[in-house]
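Peer 1: Grab the two chains, each in its own frame, and use the hints to assemble them into the complex.
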Amino acid sequence: MRYLEWILLLVLSGLGIGLANFVGFQVGFMDSLPGILVLLAISVAAVVCTKLIPLRLPIVAYCSIIGLLAASPISPVREFVIESANKINFTAPLTLVGAYAGISISDQIRSFLKQGWKMIIVGILVMTGTFLGSALISQIVLGLTGAI
Amino acid sequence: MKKETYLYSSTLERFKNEYKIFLLAFLFIIAADSIGQIKIPVGPGTLILFPIFYALILGVVSGPEVLKIFKKKEVKAASKLVIVAICPFIAKLGINAGASLETVISAGPALLLQEIGNLGTIFLALPAALLLGLKREAIGATHSINRESNLALITDMYGPDAPETQGSLSIYVVGGMVGTIYFGFMTTIIASLNLFHPYALGMASGVGAGILMASATASLAVIYPDLSAQLSALASTSETLSGLTGIYVAIFVGIPLTRKLYEFLEPKIARLRHEPSEVLTRKERISEASASDSSKNSGPNS
Chain A
1 MRYLEWILLL VLSGLGIGLA NFVGFQVGFM DSLPGILVLL AISVAAVVCT KLIPLRLPIV
61 AYCSIIGLLA ASPISPVREF VIESANKINF TAPLTLVGAY AGISISDQIR SFLKQGWKMI
121 IVGILVMTGT FLGSALISQI VLGLTGAI
Chain B
149 MKKETYLYSS TLERFKNEYK IFLLAFLFII AADSIGQIKI PVGPGTLILF PIFYALILGV
209 VSGPEVLKIF KKKEVKAASK LVIVAICPFI AKLGINAGAS LETVISAGPA LLLQEIGNLG
269 TIFLALPAAL LLGLKREAIG ATHSINRESN LALITDMYGP DAPETQGSLS IYVVGGMVGT
329 IYFGFMTTII ASLNLFHPYA LGMASGVGAG ILMASATASL AVIYPDLSAQ LSALASTSET
389 LSGLTGIYVA IFVGIPLTRK LYEFLEPKIA RLRHEPSEVL TRKERISEAS ASDSSKNSGP
449 NS
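Heads up: the sequence lines are chains A and B, in that order. Residues 1 to 148 in the working numbering are what the first sequence spells out, letter by letter. Residues 149 to 450 in the working numbering are what the second sequence spells out, letter by letter.
Next comes chain B alone, as it looks inside the complex (with noise of 0.2 Å):
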């Protein structure tokens, strides 16, 4: 096994250098769950507001470019921490997922083959962002859900410098910064249409990012009070499928799909936008330097 490179030298230097963020957020803490939950009903639905939002919020205003508690160092940091913080809570859904295994196991098909509906995505989001006018960024924008790791793929694949990547990019920031709240806000107007059972909601939930899972599912929980305990057990593991499979369906399906779908739209929206499309330009120009090519070898004694 690959030997593991460590950040800090000990334990206590990590500590050293962190105890600034866990004493703030401690006090995060304290302030956002003094407030607790608050419900505004907005047109069909309710925005639900939990203590994970305003916690949040008070780490985005205390970093660098608000409040400058937190420098550069400790903004890296936290991002390791988030994953560690996340570990209890994805255990509590693994242990209601356990408890209501009958509801999991008699879903099992469902939850299997609802990962593909994960592709929503492309044939939702990107004829509305060919429309908008963007053009490659749009395949990494809309490949798929855009978090961390298909940001490090789209970067693998197309180098950081593509439009591609910066599309990537662009919603995983977008994600980051108003993720947590309309992910919970668009599950209760889904859940008020009234269209879909609530396990088809709880399952939707995981979409292979934790925090919007939470966010979807605490809503459910709002929404649905007698069922949360199954309904958290299928999103849990609609959840762990997402992160299992997340990678592979976005090399294999996501992205090829994505591309095709972006060759097949772009030319038709760009005439519709009365712009040059780049899927024609581009292939004229790789048919034009062919023809030059052919001629040059074509012609006579050069």
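Okay, chain A solo, but in the shape it has when bound (with noise of 0.2 Å):
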């Protein structure tokens, strides 16, 4: 995608946060403005990198490191990007990612039926081993290593 696309999608994606934060939280539109700006500029910055460095990561990669390096404390505008994305809700980005994915999915009904109960069982316990595992090898180290 084009810089420009790139700069129209994340517009839109920050409208969106803007309008689930005022209907979910009530947080008016100028008051989420600045963290939505903070988190926009972040994802831009991720474009960037994935356009400008030859590595193949995924661009969520960059956002999180980033958005880590803006707000940790060797930033000197850590107080700012910490305080201004406290202003929008946890689960406010999330609302049009959802609504996109269901979108993307929506031809995957039929074939979704079609997979019979065994793939269903077979897709959780995948969900469920997969998380369980990490929680249990987390849950000894944090232990031995006296984080916990």
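The hints are all genuine.
Restraint-style ranges between C-beta atoms, simulated for each label pair:
id: 1; chain 1: B; residue 1: Glu161; chain 2: A; residue 2: Gly146; range: 53 to 59 Å
id: 2; chain 1: A; residue 1: Pro54; chain 2: B; residue 2: Ser435; range: 45 to 51 Å
id: 3; chain 1: A; residue 1: Gly143; chain 2: B; residue 2: Glu152; range: 43 to 49 Å
id: 4; chain 1: A; residue 1: Thr145; chain 2: B; residue 2: Thr153; range: 43 to 49 Å
id: 5; chain 1: A; residue 1: Val48; chain 2: B; residue 2: Arg433; range: 53 to 59 Å
If you are wondering where the hints come from, they were derived from the structure by calculation, not from laboratory data. We put the beta carbon where it would ideally sit given N, CA and C, even for glycine.
Peer 2: Structural data, given as structure tokens:
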């Protein structure tokens, strides 16, 4: 995608976040705006990274790393970044993700129904096993290293 | 660097082609966030419904197989939009991680090692899949959480028509349809068992699928409101690590391990189910083939 396309889609995402934050949590758009701009600025920086850095990393990896750096003690704008992002409720950016994700799988209903109950059970065990395996190792290592 | 090819000739063309998605998505946000969060106690857990679920369902029913508001072309476009829309959310989690950097660093060794735990799917789901009578499709189905990159990898390794790929695709579809709701619900049930420290649950939420992680983390934030900043910090760091390592773990550990375990378990479970074993039949066929080869070769002047 071109930079301009990214910016269009990110601005629309920002509007979606503001809308969800207002409808769901009664936070006025102007109160959300600094936080939205911070999140969008980080996302744009991540887009630039994927275009310029010749590693095949997913864009969300850059978003996460840049967000972490922007809010870490070495960042000169740490206070502002943390404070304005705190105005955006945790689930507010997710509603739009859900809407897009729903549309993107809306041609798979028949295929889903065809899978039958066996695949649904296996799918549920796949998710449960992935989660439990990580939780188990985390619990053990956190205990061994004295972190908890 | 490779030149990027563009789907649309201009940004304006993209807008013209996709404006209906944006418009409806905004309506979905208004509807979904007006309903807000609903908590339903189910057994030991709590089914916490978030606006993301309602929006997801509205999106699914508006597609070509139910209400037909969207056509195939828009369905395809929407999967790109998911990646864009999740970026600001991941940025917010990254900020949480930066703000709780001490927690993240103190959990460093656990964060790295728990990536191995994502292989837990193999030990839980593979035996179950075999007991249910699945054969080689079980390898694709249970080797990982089966999101886009895993499906692409399996398709690449086995070919689009292989049973392994069919299995991977099945779990991909199941995960897309029920994963978001199930993953959050499962998290509340596991949390209610009190076996794990909330930090361990936070880290476990990052499985390499953004929307699943979001669902689990949102549920954890409701269960442990005082720890929500640290938990989302751990979840996002774990998710980032999974995103970086996931495909390599699958190639070098996940798939080989699943195959080994399959070769070991399948004959035993097939006997239990009183059915022919796929592994033994395949081995027999190979040895017969090589036996007939060698008899041809050693045969007198054929």
